[in-house]
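> Working from the sequences, and respecting the hints, build out all of it.
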Amino acid sequence: MCSRCKNLKSSKLVLPCLKGKIGSWDTYSCMMRLSDINDLIGFAHDLHRIKKLSTQIQRELKLDRGKEISDYLLNNKDRFFNSLVVAVFNGEPSWHEISNLRPSSEEALQLEFPDFAEHCIGFLSVNRKETFFALDGQHRVEGIKQALKIDPSLGEELLNVIVVRHLDSDEGIKQSRRLFTTLNKKAEKVSKDAIIALDEDDIPACITRWLIEESHFTHFKESNISFKSGRIQPNDNSSITSIVNIYDNVKKLVSFVANKPIEQIDDYKPKSRKEAFDFVCKFYNLTFFYCEELRAVSSNLKKSCDFRNNQTGGHFLFRPVGWDIYVDVILRQMNKQQLGLEVIIKQVFTKNLYLNGPILGEAMWSVKGEKILPRSGPRTNKIEKAIFE
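The numbering of the sequence shown is my numbering, which starts it at 182 and goes up by one.
A hint or two may mislead.
[Stated by the list, open to error] In the DMTMM-like style, the derived pairs of lysine to aspartate or glutamate whose C-alpha atoms are separated by at most 20 Å in a straight line are:
{"hint": "1", "residue 1": "K402", "residue 2": "D448"}
{"hint": "2", "residue 1": "K248", "residue 2": "D220"}
{"hint": "3", "residue 1": "K433", "residue 2": "E473"}
{"hint": "4", "residue 1": "K532", "residue 2": "E565"}
{"hint": "5", "residue 1": "K193", "residue 2": "E278"}
Hint data in this document are derived by calculation from the structure and do not stem from the laboratory. This one's a predicted model, so the numbers in the text were calculated from it and none came from an experiment.
Below, the structure written as structure tokens:
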């Protein structure tokens, strides 16, 4: 290769891409190697010329999250990212349209291709003097940078990057700031229902699905679980509790086993999930074994509505809030008494656990008002003391 060609190769980067336009933005959806992302793309604190604001944005970049993403890239053969969104200013990014692009196959000739298709396929060239910064995907960029330090071969993998042109002016910076907050502040969080249904990395979600799907775990099944969040509806005669309630309490149980704060369980990635699975299964097996009301429903001898009503309330484990209190009390007692799980669960079910009874009446259930009372720390403490006194 001639020296001129080598120099051109080193100074220019040519990216295959699709050109688009939305609102005031021209967009370039480029295929970039991870090594190019590592070399070229920085972070959104460059949007702030006030040093303290820039520092504050840097603090928002959580390095531990970058480490998690790096581990994901290094260890997961099915790794996948959605597109990064980056702004570019300075330098000389240039669009090169591929003209007269028409499919020539006989089948394609029968199709009507939109006119805009001829003008949106091409290449974007950059001279590497541009400033790129991530508007959406900062932690993914950080994860890529960390991963490539460990395994540079990942640099050859390709990722779609949406580039938007940023004018190096006060107005251009304001425009990019608005886009940054729109992409981050207004992004809708994945719903808990979706996590339970789909997430293969969220351990409580996997366990929750297993409790309902597995045929040899017979306590929970589609016929006795509500798939609506919130309280059980008055006309629901079959549901013991809701899938969201099971998930929330499985999360507490996993937190206990992992000896980690519940806030960290979303990102908890142990080498083996067996300990968490075994503990949760044991918890529910013992609960159904010692609670004859639950056992009657799971065996199809009774319906849930036989143990839940609006007059006396029914049994507390046929209310989602009852499960919340039950799990909290059990785990607190395990920490306090250092007793085995079965001993504690067995003791709970020697008590009257109906809502209008001496333990839960006026602590969880208003006998006069015939309704669930708002949950509070003092009320939960009162229930716990009455059960274990």
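> Check the hint pairing K402 with D448 against an upper bound of 20 Å on the C-alpha distance.
27 Å, violated
> Is the straight-line distance between the alpha-carbon of K433 and that of E473 20 Å or less?
Roughly 24 Å between the alpha carbons, so the hint for K433 and E473 is violated.
> Checking one constraint from the list: CA of K193 to CA of E278, max 20 Å. Satisfied?
Cα-Cα ~17 Å, so holds.
> For K248 and D220, compute the direct alpha-carbon distance and say whether it is at most 20 Å.
18 Å, holds
> Given the proposed pairing of K532 with E565, does the C-alpha separation stay at or below 20 Å?
11 Å, holds
Taken one by one, the earlier hints fail for this structure at numbers 1, 3, listed in ascending order.
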